[in-house]
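In order, the protein sequences belong to chains U and D. Each residue of the first sequence is one higher than the last, beginning at 1 in the numbering used here. Each residue of the second sequence is one higher than the last, beginning at 207 in the numbering used here.
Honestly, the hints are just simulated from the structure, not real lab data. Worth double-checking, as some hints may not be accurate.
Among chain U residues calculated to face chain D with C-beta under 7 Å, some are [what the hints assert, rightly or not]:
(1) T28
(2) I30
(3) G34
(4) L36
(5) T42
(6) I71
(7) L75
(8) G135
(9) G148
(10) H150
(11) L186
(12) I196
(13) Y197
Note that beta-carbon positions come from the ideal geometry of N, C-alpha and C, so glycine has one too.
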Amino acid sequence: MAELSASAPVAHKDYHASKMGMWLFLFTEILLFGGLFLLYATYRAKFPQAFHEGGKTLDVFLGGLNTVVLITSSLTVALSITALRRGAVVFCQTLLAFTVACAGAFMVNKVIEWSAKFHHGLIPGSEHMGQLPQGQSIFYGLYFAMTGLHGIHVVIGASVLLWVMLLIKQGKVTGQDYVVLENAGLYWHIVDLVWIYLFPLFYLIS
Amino acid sequence: MTQTQTTQLEGHGHDHEHAPLGYRFLTLIWVGLMLLTVATVAVAKVDLGYMNVIVALGVASLKASLVIFFFMHLKYENWIIKGMVLTAFVILAIAIGLTFVDVGYRY
Numbered sequence: 001m002a003e004l005s006a007s008a009p010v011a012h013k014d015y016h017a018s019k020m021g022m023w024l025f026l027f028t029e030i031l032l033f034g035g036l037f038l039l040y041a042t043y044r045a046k047f048p049q050a051f052h053e054g055g056k057t058l059d060v061f062l063g064g065l066n067t068v069v070l071i072t073s074s075l076t077v078a079l080s081i082t083a084l085r086r087g088a089v090v091f092c093q094t095l096l097a098f099t100v101a102c103a104g105a106f107m108v109n110k111v112i113e114w115s116a117k118f119h120h121g122l123i124p125g126s127e128h129m130g131q132l133p134q135g136q137s138i139f140y141g142l143y144f145a146m147t148g149l150h151g152i153h154v155v156i157g158a159s160v161l162l163w164v165m166l167l168i169k170q171g172k173v174t175g176q177d178y179v180v181l182e183n184a185g186l187y188w189h190i191v192d193l194v195w196i197y198l199f200p201l202f203y204l205i206s
Numbered sequence: 207m208t209q210t211q212t213t214q215l216e217g218h219g220h221d222h223e224h225a226p227l228g229y230r231f232l233t234l235i236w237v238g239l240m241l242l243t244v245a246t247v248a249v250a251k252v253d254l255g256y257m258n259v260i261v262a263l264g265v266a267s268l269k270a271s272l273v274i275f276f277f278m279h280l281k282y283e284n285w286i287i288k289g290m291v292l293t294a295f296v297i298l299a300i301a302i303g304l305t306f307v308d309v310g311y312r313y
């Protein structure tokens with residue numbers, strides 16, 4: 001409390017600039033993944049058969065389950081903003097905790113999936129993957145690179161949400177001053193957005 | 207505790223033209239996203255030739271729009287942010303489109 005009243009008068013906050021800055025950052029994320037999607041598209045045009053066969057080896061159930069998990073976690077983040085703004089702080093924290101749990105579930109599924117691939121000798125950078133026919137080698141290379149980079153984003157997003165939960169607990173993010181939660185939510189939605197494209201392009205193309 | 211802090215912060219809080227989106231509304235968007243997910247998995251089982259990719263990307267883009275406009279609140283942002291987002295996606299479309307003009311005539 002003492003801390004808050006000491007810092008409150010000097011704190012200058014620009015709500016719109018804050019959000020705009022977050023969107024600008026998100027554009028760099030969109031272009032980062034966009035570049036990888038571009039690689040995917042061109043190689044798929046070159047090796048349609050290999051991509052078709054490769055897609056068949058991916059687990060549609062696990063991929064679909066992860067889609068449901070991420071979309072649901074996107075909902076809970078969106079709901080948490082409404083909860084905070086309506087003053088339902090405990091509900092907001094519960095929703096955020098659920099979102100972080102979803103991130104954990106997503107990563108557990110990812111580990112199961114990748115382990116199965118590793119078990120078949122499909123390990124990024126391994127000799128076996130290098131010796132595969134070119135199209136297959138590229139398909140699995142892109143699969144690991146894109147789902148891997150996405151997985152890193154899931155971990156970062158969950159960490160950011162945990163940090164915001166702490167800020168809410170400390171009273172630094174409130175129903176009147178919630179742009180930090182909104183921006184963290186925007187990041188989480190981008191993670192969901194990338195998966196919305198990754199899922200059909202890798203798992204459903206067979 | 208929270209109530210006191212709330213009152214203190216009110217001084218430099220910000221007014222928004224928009225009330226927070228309702229729980230029910232957001233949940234309906236989620237239902238839409240779930241239905242589209244089921245649809246995209248179901249359609250993938252039917253062999254439509256090259257149309258499969260187009261349908262899959264179409265459904266994905268519809269889902270992406272729901273996420274961007276409602277979950278990410280873009281529908282309720284000012285025109286500057288809307289214009290920025292549009293610009294980013296147009297740039298991405300140009301990058302992908304021009305690449306295909308090249309790739310399409312090479313293979």
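Outcome of the hint check:
1. Hint status for T28/U relative to chain D: violated, with the closest Cβ pair at about 9 Å, above 7 Å.
2. Given hint, I30/U at the interface with chain D, holds; its Cβ is 6 Å from that chain's nearest Cβ, closer than 7 Å.
3. For G34/U, the interface hint holds, since its Cβ comes within 7 Å of a Cβ in chain D; the closest pair sits about 5 Å apart.
4. Hint on L36/U is violated. Least Cβ distance to chain D is approximately 12 Å, over the 7 Å limit.
5. At about 5 Å, the closest approach between the beta carbon of T42/U and any beta carbon in chain D falls short of 7 Å, and the interface hint on this residue holds.
6. Hint on I71/U holds. Least Cβ distance to chain D is approximately 5 Å, under the 7 Å limit.
7. Restraint check, L75/U versus chain D: the minimum CB separation of about 4 Å is within 7 Å; hint holds.
8. At its closest, the beta carbon of G135/U sits 13 Å from a beta carbon of chain D; the interface hint therefore is violated under the 7 Å criterion.
9. Given the 7 Å rule on beta carbons, the hint for G148/U is violated: about 20 Å separates it from the nearest Cβ of chain D.
10. Hint status for H150/U: violated, given a least beta-carbon distance of 14 Å to chain D, over 7 Å.
11. Hint on L186/U holds. Least Cβ distance to chain D is approximately 6 Å, under the 7 Å limit.
12. At about 5 Å, the closest approach between the beta carbon of I196/U and any beta carbon in chain D falls short of 7 Å, and the interface hint on this residue holds.
13. The restraint placing Y197/U at the interface with chain D holds, with a minimum CB-CB distance near 5 Å, inside the 7 Å limit.
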